[in-house]
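S.K.: In case you want the letters, here they are:
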Amino acid sequence: MVLSINRVTKEFGDFRAVSDLSFSVDKGEIVGFLGQNGAGKTTTLRMVMDILPVTSGSVELFGSTDLRKGRLRVGFLPEERGLYRKMKAIDIIAYFGRLKGVPGGKAKAKAHELLERFGMTQYANNKIETLSKGNAQKIQLLSVLTHEPEFLILDEPFSGLDPVNQKLLEDLIGDLRDEGATVLFSTHTMEHAERLCDRFVMIKGGEKVFEGTIDEAREAYEQRIILATPDDPSPLQGRAGVTAITPIGRDRYALTVSEGSDMQAVLAACLELGITVKSFGLEEASLHEIFFRFAGAGEEDAA
Amino acid sequence: MRGIFEIVSHEYRRYIFTRGFLLFLLIIPVMSLLGASASFLQDATKAAKTFVLIDRDGGWADVVDEALEEQHQRAIIGRWDDFVMGLTASGLVDAEALEPPFAPGPVDAERREAFFAAGGLAEGRRRLAALTSMELPPLEEPRRDFRRIDPLVEIAPDADDQAIGTAYLPYMRGEKEIPGGGRLTAVVVIPEGYGAEDGPNAVYLTDNMADDELRAFLRGVFREKLRNDAFVARGLSVEDVAAINALSPGLSKVKAGSSAEDEAQRLRDTIEFGLPLGLTYILFFVVLSVGSMMLTNTIEEKSNKIVEMLLSSVSASQLMIGKLIGLALVGVTPMVIFAGLGFALISILGAGNEVLATLKEVMLASPLVPLFFFYFLLGYLLYASIYLAIGALCSSIQDAQSLSTPLTIIMLLPAPFIMSVIEDPNGLFARIFTWIPFYTHYALMLRLSGSPPLWEILGATAMLIVVVAMMLTFMGRIYRAGILQAGGNANWKTFFAAARAPKGEKVR
Chain U
1 MVLSINRVTK
11 EFGDFRAVSD
21 LSFSVDKGEI
31 VGFLGQNGAG
41 KTTTLRMVMD
51 ILPVTSGSVE
61 LFGSTDLRKG
71 RLRVGFLPEE
81 RGLYRKMKAI
91 DIIAYFGRLK
101 GVPGGKAKAK
111 AHELLERFGM
121 TQYANNKIET
131 LSKGNAQKIQ
141 LLSVLTHEPE
151 FLILDEPFSG
161 LDPVNQKLLE
171 DLIGDLRDEG
181 ATVLFSTHTM
191 EHAERLCDRF
201 VMIKGGEKVF
211 EGTIDEAREA
221 YEQRIILATP
231 DDPSPLQGRA
241 GVTAITPIGR
251 DRYALTVSEG
261 SDMQAVLAAC
271 LELGITVKSF
281 GLEEASLHEI
291 FFRFAGAGEE
301 DAA
Chain C
1 MRGIFEIVSH
11 EYRRYIFTRG
21 FLLFLLIIPV
31 MSLLGASASF
41 LQDATKAAKT
51 FVLIDRDGGW
61 ADVVDEALEE
71 QHQRAIIGRW
81 DDFVMGLTAS
91 GLVDAEALEP
101 PFAPGPVDAE
111 RREAFFAAGG
121 LAEGRRRLAA
131 LTSMELPPLE
141 EPRRDFRRID
151 PLVEIAPDAD
161 DQAIGTAYLP
171 YMRGEKEIPG
181 GGRLTAVVVI
191 PEGYGAEDGP
201 NAVYLTDNMA
211 DDELRAFLRG
221 VFREKLRNDA
231 FVARGLSVED
241 VAAINALSPG
251 LSKVKAGSSA
261 EDEAQRLRDT
271 IEFGLPLGLT
281 YILFFVVLSV
291 GSMMLTNTIE
301 EKSNKIVEML
311 LSSVSASQLM
321 IGKLIGLALV
331 GVTPMVIFAG
341 LGFALISILG
351 AGNEVLATLK
361 EVMLASPLVP
371 LFFFYFLLGY
381 LLYASIYLAI
391 GALCSSIQDA
401 QSLSTPLTII
411 MLLPAPFIMS
421 VIEDPNGLFA
431 RIFTWIPFYT
441 HYALMLRLSG
451 SPPLWEILGA
461 TAMLIVVVAM
471 MLTFMGRIYR
481 AGILQAGGNA
491 NWKTFFAAAR
501 APKGEKVR
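Residue numbers (the UniProt record's numbering), protein chains in the order written: chain U, 1 to 303; chain C, 1 to 508.
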């Protein structure tokens, strides 16, 4: 077990930012940590890195509650991140490595190696202020890799990156996974999470609302039937377990059915009522939709 | 510990290994060189101040000319003495081997006459050359300070001051040429009956009210002439008057406990008095500049969002301690470099120079230098911890101003009282400032040469140590509460609220 969070609560004065939260990350996993802005993601990650103390509960890194020691094996990219503008790229990568306990000479060698690997050797001696925003962000990411962390915690790593760099980062995370690294990252861009993650943890208002794989999420998700018909489907209400009919677009309706209802019976009811069925099937929920459902986000928040 | 070490080395290197710091190191020697050469340059470029004397009383032109000549002769002998002493100090010649009137010493009328009768500078140089095999450096006569020229304009004998001034103004403003070039500095009008009791005043007409050198010189000449005449009129002989004028009793300043004959000790006392002044000035300057470095540095880490990266590897306390130590070293480095360079220079150049040798001795032997570093540390920690806390609450320098300006005012507040502390190191102001922690370290440095009571030194220092410890704790709380907080308006209310924030809301 790389990370284990047990019944952690965090209060700021009267405000409860994280409430009785438990989840864990196993070795070699890529776990997505999802939630709206203000859901408590950053606070949770700060507690894992021992930047903030927990109010109650416990956090274990690599099976130990000594986070001071454990965090030296973690590469942490905070959501709010920046670099010394006057420092050279190579020096900054080496410096953050040294802070994690890598000896001076080795840190510099590793920094060179990282720059080379990501094709940025030409920027090694440039000051950060002369780099483009995208390049500065790459330097930032490299600076959390200097100490060859076994576990990466990335808080909103995709925010602020253009699509090309988002793709690069996605590839990088994939590469790291192939090398056996464990990754926990928070995001509200569901497509990245869907492509990369083995499992998800979703929180809302500081509480966990879901933990599991995407298939489990889909199972837990209250499924709806999508019916396409030019007719008025309202007579279906109350028949064959249909509890609600929601129009979702031109001649398309989402039918919510009570638990244990038979899809076949709903179809039969349609035919019986003379409703023309142009298409009929289970809704294939994307993570995006599941997220909205669980995390209760309005469309505009998560775009 | 490792984390602290990394922070210290990072903070140190980012200030010391920069072009700015090298420039700073260069500026000080360049400035002191400029300062030293300024008087020399001024001397070399200064033109004699030219004036016209309108004498309606009679006989004054000769008096003035004689005084001008005497002043110039004194200047020549003064330059000669400096020349010989300089060569003696560097071990090239021995001043004692020179015979009067060429041996350096006080300049009286007798020596002056003998000096120029014997052949002046040229003869002195010849005799000096005979004493050494070395090629002597060049020596020139000093320029004249003042020059009298004949009236340039026909002036009616009854013209008033305004008419005379108006007539000469073009010469003073450089609109008309004067013989010998340059501008006319002044016109001096001596009325008939000048110097009689209730008689009229002489008038000094000038276009440059700021420069009083010529006026002061002439005033001295006139006063001496009038007094001498008065003495003679009351029955003294000319010789008596000269003897009276030559009276100049000495009054040596000797620190109680030393001997007046012990020249070396007297020099040492003077240095021991002057040194703390200089050191206090440096103390103030360094604490202020390193403190503001701390402020901008902390604001940078907060506004550029670097701090969370740091805090994922080191604790907030480690970060704070590392920054405090790193910047303290930054403050100490130039002092150590200059002290080392100065020491080397003194050791090399000061071989024959008594003042420099004594300065070196005092710096090595007296507790002032170690005490200076001790008080630097305390004063620095006091101010830097406040700057650190302010920086943690602000995301820009503009933001910080409402908090940092009062601190600067507090620092500068005692400036008007510094003279009274220096003049009376055990007086009321000195004692009051000793017991205000913000000023304890300055006040004690200034007072040390005045032998304040030991209990005051120890008591005030102990109090300062306690206050510094409390400040570090208190400001540390603010730093930990503020450093990860997003923006917001920084003011004294948020400042103290941050200190009161419960532990759970603070960064570890």
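These are calculated hints, taken from the structure and not from any lab test. Don't be surprised by glycine CBs; every beta carbon is placed ideally from N, CA and C. Be a bit skeptical, because a hint or two may be false.
Said to hold, decoys possible - Partial chain U-side listing against chain C, Cβ under 7 Å, derived:
#	residue
1	ASP50
2	PRO53
3	PRO78
4	ARG81
5	LEU99
6	LYS100
7	VAL102
8	GLU116
9	PHE118
Said to hold, decoys possible - Which chain C residues face chain U? A few, computed with CB under 10 Å, are given here:
#	residue
10	ARG183
11	ASP211
12	ALA499
13	PRO502
Claimed, not checked - In silico DSS-like cross-links for lysine-lysine, where the CA-CA straight-line distance does not exceed 27 Å:
#	chain 1	residue 1	chain 2	residue 2
14	U	LYS106	U	LYS69
15	U	LYS27	U	LYS133
16	U	LYS167	U	LYS133
17	U	LYS127	U	LYS110
18	U	LYS208	C	LYS506
19	U	LYS108	C	LYS506
20	C	LYS493	C	LYS305
21	U	LYS133	C	LYS305
22	U	LYS204	C	LYS493
23	U	LYS69	U	LYS86
24	U	LYS110	C	LYS46
25	U	LYS88	U	LYS106
26	U	LYS86	U	LYS127
27	U	LYS69	C	LYS506
28	C	LYS493	U	LYS69
29	U	LYS88	C	LYS305
S.K.: All hints, please: hold or fail.
M.R.: Status of the hints after comparison with the structure:
no., hint, result
1, ASP50, "holds (6 Å)"
2, PRO53, "holds (6 Å)"
3, PRO78, "holds (4 Å)"
4, ARG81, "holds (6 Å)"
5, LEU99, "holds (4 Å)"
6, LYS100, "holds (5 Å)"
7, VAL102, "violated (10 Å)"
8, GLU116, "violated (23 Å)"
9, PHE118, "violated (19 Å)"
10, ARG183, "violated (52 Å)"
11, ASP211, "violated (49 Å)"
12, ALA499, "violated (15 Å)"
13, PRO502, "holds (7 Å)"
14, LYS106/U / LYS69/U, "holds (20 Å)"
15, LYS27/U / LYS133/U, "violated (33 Å)"
16, LYS167/U / LYS133/U, "holds (16 Å)"
17, LYS127/U / LYS110/U, "holds (19 Å)"
18, LYS208/U / LYS506/C, "holds (24 Å)"
19, LYS108/U / LYS506/C, "violated (33 Å)"
20, LYS493/C / LYS305/C, "holds (24 Å)"
21, LYS133/U / LYS305/C, "holds (15 Å)"
22, LYS204/U / LYS493/C, "violated (33 Å)"
23, LYS69/U / LYS86/U, "violated (30 Å)"
24, LYS110/U / LYS46/C, "violated (65 Å)"
25, LYS88/U / LYS106/U, "holds (17 Å)"
26, LYS86/U / LYS127/U, "holds (6 Å)"
27, LYS69/U / LYS506/C, "holds (20 Å)"
28, LYS493/C / LYS69/U, "violated (37 Å)"
29, LYS88/U / LYS305/C, "holds (17 Å)"
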